[in-house]
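Novice: Given the coordinates of chain X, work out where chains P and Y should sit on it, guided by the hints.
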Amino acid sequence: MSVTTLGSAPAYAPGRSRPGGRAYWGALMLAPYLLVFLGLVLYPVAYGLYLGLDTQSYRKLFQDPIFYRTAVNTILFLTIAVNLKLAIALALSGFFVVDRAWVRVLLVLFILPWAVPSIPTILSFRVMLNPENGMINQQLFRLFGIFDGPPWLTDPRLAFASAIMVHIWKSLPFWTLILVTGRLAIAKDLYEAASVDGASRWQQFRHITWPSLANLYLTSTILSMIWTLGDFNSVYLLTGGGPADQTQVLATLGIRYMRNNSLDLGIASIIVAMPLVLPLVFVMVKRLSKGGEA
Amino acid sequence: MPTNAIRSIAFGFASAAGLVLAGPVAAQETLTVWFTKGFYKGEDDALLQMIDKFQKATGVKVDLSLYSTEDCVTKSVGAVEAGTPPDVGYCTTYDFRTTGQWAWEGKLEDVTDVIEPLKENFQPQALATTYLMHGKTGKKAYYAFPVEQQTMHITYWKDMLEEAGFKEGDIPATWDAYWDFWCDKVQGGLRAKGKRVFGIGHPLGVAASDTFYSFLTFANAYDVKIVDDRGRVILDQPANREAMIKAVKAYAAIFQRGCTPPSSVNWLDPDNNVNFHNRTTAMTHNATISIAAKHLDDMNNPALTAEQREQAKKNYYENIRTAYFPKKPDGGTLPNLAAVKTAVIFADAKNKKRAREFMAFMMKDENLKPFVEGSVGRWYPVTVSGAQSPFWTDGKDPHRAVVHKQFSDGTIPFPFVYNYKFTAVNAENVWAKAINRIIQDKVAPEQAVDEMIVRIKQIAG
Amino acid sequence: MIRRLDEAKLILIALPVMLWTLLPIYHLFVLSISPQDAVLAGDLWPARPTLQNFALVFGQKHYYLTNFWRQLANSFVIAVATGVLTLVVATCAAFAISRLRVRAGRTIMNMALATYLIPAAFLAIPMYKGMGNYGLLNTRTALVLAMIALASPYAIWVLKQASDKLPRELDEAAMMDGATPLQLFRLVYLPLMKPSLVAIGIYALLLAWNEYLYAFLLLSSEREVPLAVGLGLFLGADDAPWNLLMATGLIYAVPPAAIYYVFRKHMVSGITAGAVKS
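As given, the protein sequences belong to chains X, P and Y, one line each in that order.
Under the UniProt record's numbering, the letters of the first sequence match residues 1 to 294, in that order.
Under the UniProt record's numbering, the letters of the second sequence match residues 1 to 461, in that order.
Under the UniProt record's numbering, the letters of the third sequence match residues 1 to 278, in that order.
Think of the hints as simulated: they come from the structure by calculation, not from any bench.
Glycine included, each C-beta is placed from N, C-alpha and C at the ideal position.
Taking lysine-lysine pairs in the DSS-like style, the calculated list, with each CA pair at most 30 Å apart, reads:
| id | chain 1 | residue 1 | chain 2 | residue 2 |
| --- | --- | --- | --- | --- |
| 1 | P | K225 | P | K328 |
| 2 | P | K140 | X | K60 |
| 3 | P | K41 | P | K364 |
| 4 | P | K421 | X | K60 |
| 5 | Y | K61 | P | K56 |
| 6 | Y | K165 | Y | K194 |
| 7 | Y | K61 | P | K313 |
| 8 | P | K433 | P | K457 |
| 9 | P | K41 | Y | K61 |
| 10 | X | K60 | P | K139 |
The following residues of chain Y were derived to be distant from chain X, with all beta-carbon distances above 10 Å:
| id | residue |
| --- | --- |
| 11 | P49 |
| 12 | L51 |
| 13 | Q52 |
| 14 | F58 |
| 15 | G59 |
| 16 | K61 |
| 17 | L72 |
| 18 | M193 |
| 19 | P195 |
| 20 | E222 |
| 21 | G236 |
One chain only, chain X, in its complex shape (with noise of 0.2 Å):
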């Protein structure tokens, strides 16, 4: 929405490496990241790269049939989660622009998932569906005479929409805010307008809030594809990848190799999964870096 002064004159003139130089304290003010990247980003990427090379751990890998598994889980977990959160969002940011003040209250209560640490509410969820004395199952018997609950966690389909349910819960409000914020940046005065039109609200969100945040849907759903790629908790926490290996994925896979004695596997599983990560990641890295025009 606002274009930055990309092409605007440098504030020094172009200086050489001299002391007290612009481009002295340039180098001297990135050195630290520049360290901190290369020892901490670099270098260990460039050694597992170098322990990947190894064939042997492929041949293993594509052996292993839970790892056919935790790729398909992990595609199903993308698509699903992915679009059904931002959906849901969407809708969601429509209700929390509306101007009352209660409405304000619950905006507050509503980011409470985003502000509270993931560990202590995944695992309130985890006791709260277990099958026999969880909360819900237990009260569905007290309440409906419902012996044998949903099998929240015990069913391999459930367990890993339950998964889905709990990174939805955990992740929602932070996309209803970048959508609520992206709506309330649509001038007021386009609705007006078109109220005056007589424009259904259907209408007014197919011609005036869908046009103004499609291009920022599209980058939540790219940031949330690469973040929902690396949610280790929200499957780890609550299923442990359980039953029978039947719900992990990617990013809970290197520590059930860790855990099996094969770390090896653990890293060809991640470097497999580059083709994956990689395109998202270049895409998201040209859109991000383009700095300022919407």
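Specialist: For chains P and Y alone, kept in the frame of chain X given last:
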């Protein structure tokens, strides 16, 4: 204002950095030791006392880390891979999952020199499990210390049994009748009273060593031979395959009949205990008497109220029973499947000299006995003298008496003792996978077993 | 338009949304005030609510809580150190890239962005190996360094965006007066950037406070780990002390939630600015 900001940032920076970096400055010699955290305070107290004694005797500072059962082995594997293991490691699932493989890969220190003078002290079958093959040299040596051991027991609530309308004398001694009794009669009796309970706590989780322990006990009941004495996989021989199909069917049936809580497919090692303590299950099979032992620990726990201690005492002496497994389906006696817990010194350890001293110190009777007995019966000794201790032999304790009798009857080892690659088979829990194929994916037991055999041959063939 | 929406319809939306949002948090709270024997009862409200769990936690009177205060302090030290150091690293870098316009600034920015975008869980095992090679495993320094590496790319990006918006004339005027780049940084840049700096400092601090995976991997000893990992230990217990787990979890969750609400305005503008703007 800006200078203030800088000052406050600089201060924050300095104090934060100071706090972070102030840790490892001391120059004292240290020994890094990783152990599994005990289930009860008593276990850890005995360990801390021993460490305290060692520190006083040598002046070496012992840097002890305690982990939950699962984390302990995960962290150790990671540390070994990263080349930064502790000096001494003792996790209670090393033996199932890693010891044999580490020895083969040269990740462990040869400790024959420490074991040799103590050899007579150990029970031979326990010591034998630490005599392991090194893959590169092709020679066997002692690469681990036996510390304590375990075998399978049945634990049940006597009062729940009575509530269901039965007496202890009603419990059948034959295999099928035994499981039917808990499944149908006891569970049925309790359900008839409106209780939301299950007859059996039956571990099925992939991430639990309880599952493969229980399952391999079932496999023994059906006389399945998985490996021969030279470590070759013989599970694919028709007789063994047939027997394995029966074992898998029997193990899965308890879940399929709804006699174990649905969440047992997710259980970790403590969860059958959790469900038993909570009286969600009337009976469970467990590879130690840790369930009963918790109540013994509670009845002496000063942090609890007097009533709570009294209840724990009643539970331990009256309500909870430790018992033997029934006879095998063919009427024979089920052998006791024992696992010897192993402590190791890592090849990449920084302080091997002190690690040897520490282990030699720990192996001394006066140190090992209190440590083992500190677990109030959860672990059985691996030394001859430990097993002769009145703690086990005086017969005053109803639970330990059963354990002692089982070990005195003799035990048999796990397949990984013959073929170290079975540690990987266990780590992946091929057994639980097969059961889950049947109960979740509804495949035929024959197919599940065939898949199991293929995978075992991939890993260990 | 939206104003004319029925109040009833709004409430119809609000109810399920709030139930969904608050149920797990409510459940957490209920367990934290339940006595041990009611932990698995599944009650909507405990028959005998108690604060004893909190007393046990604060008094370190349970076997899984023997290092509670120590772990809380670890969490605090790690979070503050990460927040402060990330700020230092990122502010300097953003200043160099945006105001001093160093050569290759754009490339470095892109590298940082790529780091930010690769899921942290995928970097965990290489990072673990790297820390092993540096001999830093099992030290809190390792965790702080890892968290800086994870937090600073996004921090640099947000700060660069913010500083691109400062008018160039300021720099020029300062230079006319003979200010050195360092003086410009201290006297002009830092004061103007204050709101973004607060947001980013808090972002890094919360990131470190909430981290589980890296803390679990990089640290070992019960005395070194932050509270997040200490909470995980409870899962190994055989008597389901979920009430103590949740009481501890509640204590652990309060500081970040409080910080978040106190600095809400900063956070929302700072954190969402990046995503919304571009």
